[in-house]
Amino acid sequence: MRTITVNDAVGEALAEEMRRDPRVLIFGEGVATKRHDLLAEFGAARVRNTPLAEGIIAGTAVGAAATGLRPVVDLLFAPFLCFAMDEIVNSAGKLRYLSGGQFAFPMVVLALSGAGWGVGAQHNHNLEAWFAHAPGLKVVMPSNAADFKGLLKAAIRDDNPVLFFMDLALGFQPGEVPQHEHLVPIGRAATVRGGSDLTLISYAKTVHTCMEAAHRLAEIGVSAEVIDLRSLKPLDEGAILRSVGKTGRVVVVHEASRSCGIGAEVAALVAEHAFASLRAPVVRLTGPDAPAPASFPLEQAFVPQADAIVSAAMKLFADIGSATSVTHADFPLEPA
Amino acid sequence: MRTITVNDAVGEALAEEMRRDPRVLIFGEGVATKRHDLLAEFGAARVRNTPLAEGIIAGTAVGAAATGLRPVVDLLFAPFLCFAMDEIVNSAGKLRYLSGGQFAFPMVVLALSGAGWGVGAQHNHNLEAWFAHAPGLKVVMPSNAADFKGLLKAAIRDDNPVLFFMDLALGFQPGEVPQHEHLVPIGRAATVRGGSDLTLISYAKTVHTCMEAAHRLAEIGVSAEVIDLRSLKPLDEGAILRSVGKTGRVVVVHEASRSCGIGAEVAALVAEHAFASLRAPVVRLTGPDAPAPASFPLEQAFVPQADAIVSAAMKLFADIGSATSVTHADFPLEPA
Amino acid sequence: MTQQPDRASPLAMLETMMLIRAYEETIVAMSEAGTGPGSCTSVGQEASAVGVVHALGAHDRILTNHRSAGHLLARGADPGRMLAEVLGRRDGYCKGKSGHLHISAKALGVILTSTIVGGELSLATGVALSQKMLAEDDGIVVCFFGDGAACEGVFHESLNLATVWELPILYVCENNQWQAFVHRRETMPVDEVRHWAAAHAIDSRSVDGNDVEAVHAAAREAVGRIRETGKPMFLETLTYRLRGHFEPDDQSYVDPAELAAWQARDPIALLQRRLLARDELTAAQLRTIERNVRARLDDATLFAEASPFPDISELITDIYA
Amino acid sequence: MTQQPDRASPLAMLETMMLIRAYEETIVAMSEAGTGPGSCTSVGQEASAVGVVHALGAHDRILTNHRSAGHLLARGADPGRMLAEVLGRRDGYCKGKSGHLHISAKALGVILTSTIVGGELSLATGVALSQKMLAEDDGIVVCFFGDGAACEGVFHESLNLATVWELPILYVCENNQWQAFVHRRETMPVDEVRHWAAAHAIDSRSVDGNDVEAVHAAAREAVGRIRETGKPMFLETLTYRLRGHFEPDDQSYVDPAELAAWQARDPIALLQRRLLARDELTAAQLRTIERNVRARLDDATLFAEASPFPDISELITDIYA
Ligand SMILES: Cc1ncc(C[n+]2csc(CCOP(=O)(O)OP(=O)(O)O)c2C)c(N)n1
Ligand SMILES: Cc1ncc(C[n+]2csc(CCOP(=O)(O)OP(=O)(O)O)c2C)c(N)n1
Ligand SMILES: [Mg+2]
Ligand SMILES: [Mg+2]
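Protein chains in written order, with our numbering: chain A, 1 to 336; chain B, 337 to 672; chain C, 673 to 993; chain D, 994 to 1314.
Honestly, I wouldn't trust all of these hints.
[Claimed, not checked] Computed cross-link-like contacts, EDC-like style, restricted to lysine to aspartate or glutamate with a CA-CA straight-line distance of at most 20 Å: (1) Lys651(B) to Glu548(B); (2) Lys1125(D) to Glu858(C); (3) Lys370(B) to Asp921(C); (4) Lys34(A) to Asp1243(D); (5) Lys1125(D) to Asp357(B); (6) Lys370(B) to Glu952(C); (7) Lys804(C) to Asp37(A).
[Claimed, not checked] DEER-style ranges, computed between Cβ atoms: (8) Glu1159(D) to Asp37(A): 47 to 53 Å; (9) Met314(A) to Gly557(B): 40 to 46 Å; (10) Pro1241(D) to Gly729(C): 32 to 38 Å; (11) Asp1248(D) to Gly507(B): 38 to 44 Å; (12) Gly530(B) to Ser196(A): 39 to 45 Å; (13) Ala381(B) to Asp37(A): 55 to 61 Å; (14) Ala40(A) to Leu1269(D): 44 to 50 Å; (15) Arg946(C) to Asp1248(D): 56 to 62 Å; (16) Ser1245(D) to His855(C): 51 to 57 Å.
Just so you know, the hints here were simulated from the structure itself, not pulled from any lab data.
Note that beta-carbon positions come from the ideal geometry of N, C-alpha and C, so glycine has one too.
Please put together the full structure from these sequences, using the hints given.
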């Protein structure tokens, strides 16, 4: 084991997979400028800058994937995916099915999101749930360097389109990553802390917030299990249901907005398939249903904090009959 | 009261609002060709054909809305919204907030979706949940002629961007529509059938399937309440919670796919805020996590049917401890 | 890559054009009889499809759109499997999942048909990148699209990337003067899309799209140039959508004079008259072709109608690889 | 709509350019000191902003992008409120919610700033439609964007719609040779975007973007023509991004010779030299302007830093109207 940053883990995964398989290539706006190590090693045909046009970047990846290449495209910030939805959703996600299985689309789309840079909602928008709602795609969003590396390598080897979301705030976070070949299978959650009284479920940077909350809960005698989903589609339903079967209490935490988010899916899953085990309301703690502001204190307040997790958790041990709404910073339920 | 089709109800709403407010205009691919009655009455400046380019159609609406017009744009089929996501989500949904409230975006986007025409997944994709997940937007999806008319009129009068989804299969469905001015407020669900044993929650064409199921359930002594959500954002959380508070059992039904769909939001809401009332697992019955096929029998099978609703409902009256997965046509939980 | 000489012959092209017409008429008849769905026919545009596709080699690849029957049949697709697909049957090229709008046939090199207008343009660059980076031969990519698709921004993005990356693509714009229910003149300031293409520093030409020999000559030249230079080219076939946008369509919004003028230039009748006049075709030969084509379509219809619907379990197959 | 004569004078333009430069230098200093965030500065592009904006009337409207400080200041925006916005403070033009990337100032007619590259192009047509349908005067719309934005398909969609609908838009492409970390020459086959614009049958010109008098003359002519004809025009200002894409940026990827050549053509130094040579400016006057500008920025900084952060409750206001 050695400690490297998330950004370095991503760089290693790309280099190793490009070394292993000559069909892997990477392109995007500024990719060849920024990843000069890859350019130097693999040459200009496999590491390419593109014109500033997300639609054709994604579309080119889809067409290339269908015909033998294994492209990775860097679309920079998640909101820019809005210019590539047709290519990702209507083409990559549907054309295998519509062609009766004639084509496969082994491709990876990289995108950043999340608070931490003060750049506002046109750069910071957690859109992962959209892709979990669309057919034919896979979605991952890791929380630590080892998973960044292992999941990116798995994504590149996957024969399906994989959306690889990178929480911006994690880029420089160091973490232990095995020296040897390291793959993390898509579709498998990680139980990052064992516990028996309640389950905190999250992904990306709020996993760390959940760990902090779990730590504090432990101090007051509550044993919280923490699950890092890692893969948002396919979701590791077994891991979720097993944990809730044990604890009977769930708080789902993410920065993305609540309505129809990943937390809604997890809560709905639990409410259907772990109902008999549930001992308290299923609580979601999410970012507000607002665009992300640039102003530093507002941006910080946007993200669920450990305090809120702890107090949401504590309420689950109150009398069920009196359980009331526990939402992030007590925002009103309705947008209006 | 008189009986008119959904399509006619839409036409009436447009004409009445254009008559009432000279700032209302409509444009899109073929709008002036297809709506020649509107063209004749309101002229070429307010009823416009456009080039075939959804991005600029939506963007033009956003820019016009910010500066005094009240545009309605017809983007035809929901998958084509993929070419207009930036304009709808990043601009219309966020620029009010990012400008500190300087601008408002009174505009309506029309889009069709759903089974019934055998045209496959690039024309038929129920995407309403995406917009419920994005900030700053409203989303409606009516089930009957009166609501189509009343909600479209309300959407045109709303000072916010409203996504107005039209279930393709309903176009020629007749319904009673008041002769006089008829507005339906956005954000209010309709209890279309009262009941005490369980709540069926749906929107668009599957409301009718729920009604059929409720009818059959009544025959076997089960009293089902049916809620037509109509507005998907804002969601009428009060109406949902009140009904579940009474019945303690819920089946949510829609054609859109399950993962992070509207049903997930409803189920999660109930699991958090009506937990104490729940007497059985919260069940979702949705279209499969697949692109929509063209082949007629497959397309039909894609849509939740009354049989499945009845049997899902019946299972909720079995012993809670033994409650097991009830998904549409027993599809596996994971996409892989 | 050499052409089978007979594929390039006017007679071979006539037969393919007549096959396409007969196929589309079969679809229209089924739709009118209520035994088949509506569809976007290529009636009137057969010369464009055949002139281009008959100029391709076996390793070249094709992307196409919602009005694809001509391209597929010219490429040698089996009308029986196509009809089966249109009817949503198990033996269709896509197991019935596509229906008529996105038929692709990988074995024939007909890759990634998209009915999102502009979709084929966004995908073509990637297919060409594979040809350039992986192919052992000098295969090129042909991307068919309409004048409407050229209004989507991705048209420009595609042409620009193909130029900048030097991708071997023949862009074929079938300018049939209509974009669903909107006339082309309402959507662009010039009559020919080639002006837009030329701005991307792409060699851009237009040709009478109803004259199959002219289309074929232009396509052969373009294909040869692309193989030589590796760079993209743009060819516009000026033609007309003789039937409506989607069956049934009463064309009430169409100027009857314009329609009549183009009907008088029906590409099939035009070629028949010309070949008869040049003594390259006899009335007897023509009748033989007609009979052959008719027979193929009758067989195709029988095949398609006999093919069962897919099993319901197919609803959730072919989603992930 | 008549111009204040002094706005059009070279001296007035010089002062605005110097104000912009001083503003950007303030931001850079804050960013280096860690008291302010990074940002996309307009250093080197002041002539383009000032030449165009000083040619506008009060009822004209502006859309701009991530590199907007010059456009805003030239329009008369208060540097104090701008800095407050950059720092995320309550007194910023957008209450701190925008930060530096999407500052808009409705009262000044600076409408809908988008940091989605191409966003401003997609919105401009709608603003122009309002001008055309609602405005009582002959106000026009100016849309500023970069050479990178011209690579987004929506650029073409916007120009085409403006042509077809005859919308009063002056498209100003600030071609600064860079698109974040990619040189313009890697992304397009020609040196000037105007070739793409011209294909849309739009009157399209380019001008030395570092010569404010040339820009101003071209803009005045264009604005006049648009008021007269109601039709769009395209003006490209050929200029250079003298600092990096986003502070801090070491520009290690930039060719030093290219950078040096453009530094030698710094638009502010160029105008100063010219005015001194023409005896339209004295050294003493220049010092006065420098002092004025410095004083304004000092005040602005004090104002901005004194402005409080917004209350946390602001997180969920201004979402819906
Ligand atoms: C993105 C998108 N927008 C709109 C449509 C609806 N539509 C289908 S075909 C068509 C017209 C296309 O015109 P053109 O590209 O010229 O092809 P043609 O039909 O004339 O062959 C339209 C608007 C679509 N399928 N996809
Ligand atoms: C749709 C989109 N893609 C990418 C980006 C990231 N980005 C911000 S500015 C920029 C370069 C823009 O180049 P240009 O339009 O020439 O403007 P300039 O920065 O040179 O002024 C890029 C790639 C973005 N903000 N939006
Ligand atoms: Mg056409
Ligand atoms: Mg630039």
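Right, here's what the structure says about each hint:
no., hint, verdict
1, Lys651(B) to Glu548(B), "holds (18 Å)"
2, Lys1125(D) to Glu858(C), "holds (19 Å)"
3, Lys370(B) to Asp921(C), "holds (12 Å)"
4, Lys34(A) to Asp1243(D), "holds (12 Å)"
5, Lys1125(D) to Asp357(B), "holds (17 Å)"
6, Lys370(B) to Glu952(C), "violated (46 Å)"
7, Lys804(C) to Asp37(A), "violated (24 Å)"
8, Glu1159(D) to Asp37(A): 47 to 53 Å, "holds (51 Å)"
9, Met314(A) to Gly557(B): 40 to 46 Å, "holds (43 Å)"
10, Pro1241(D) to Gly729(C): 32 to 38 Å, "violated (53 Å)"
11, Asp1248(D) to Gly507(B): 38 to 44 Å, "violated (60 Å)"
12, Gly530(B) to Ser196(A): 39 to 45 Å, "holds (43 Å)"
13, Ala381(B) to Asp37(A): 55 to 61 Å, "holds (57 Å)"
14, Ala40(A) to Leu1269(D): 44 to 50 Å, "holds (48 Å)"
15, Arg946(C) to Asp1248(D): 56 to 62 Å, "holds (59 Å)"
16, Ser1245(D) to His855(C): 51 to 57 Å, "holds (53 Å)"
In this structure, the earlier hints numbered 6, 7, 10 and 11 are contradicted, and the remaining ones agree with it.
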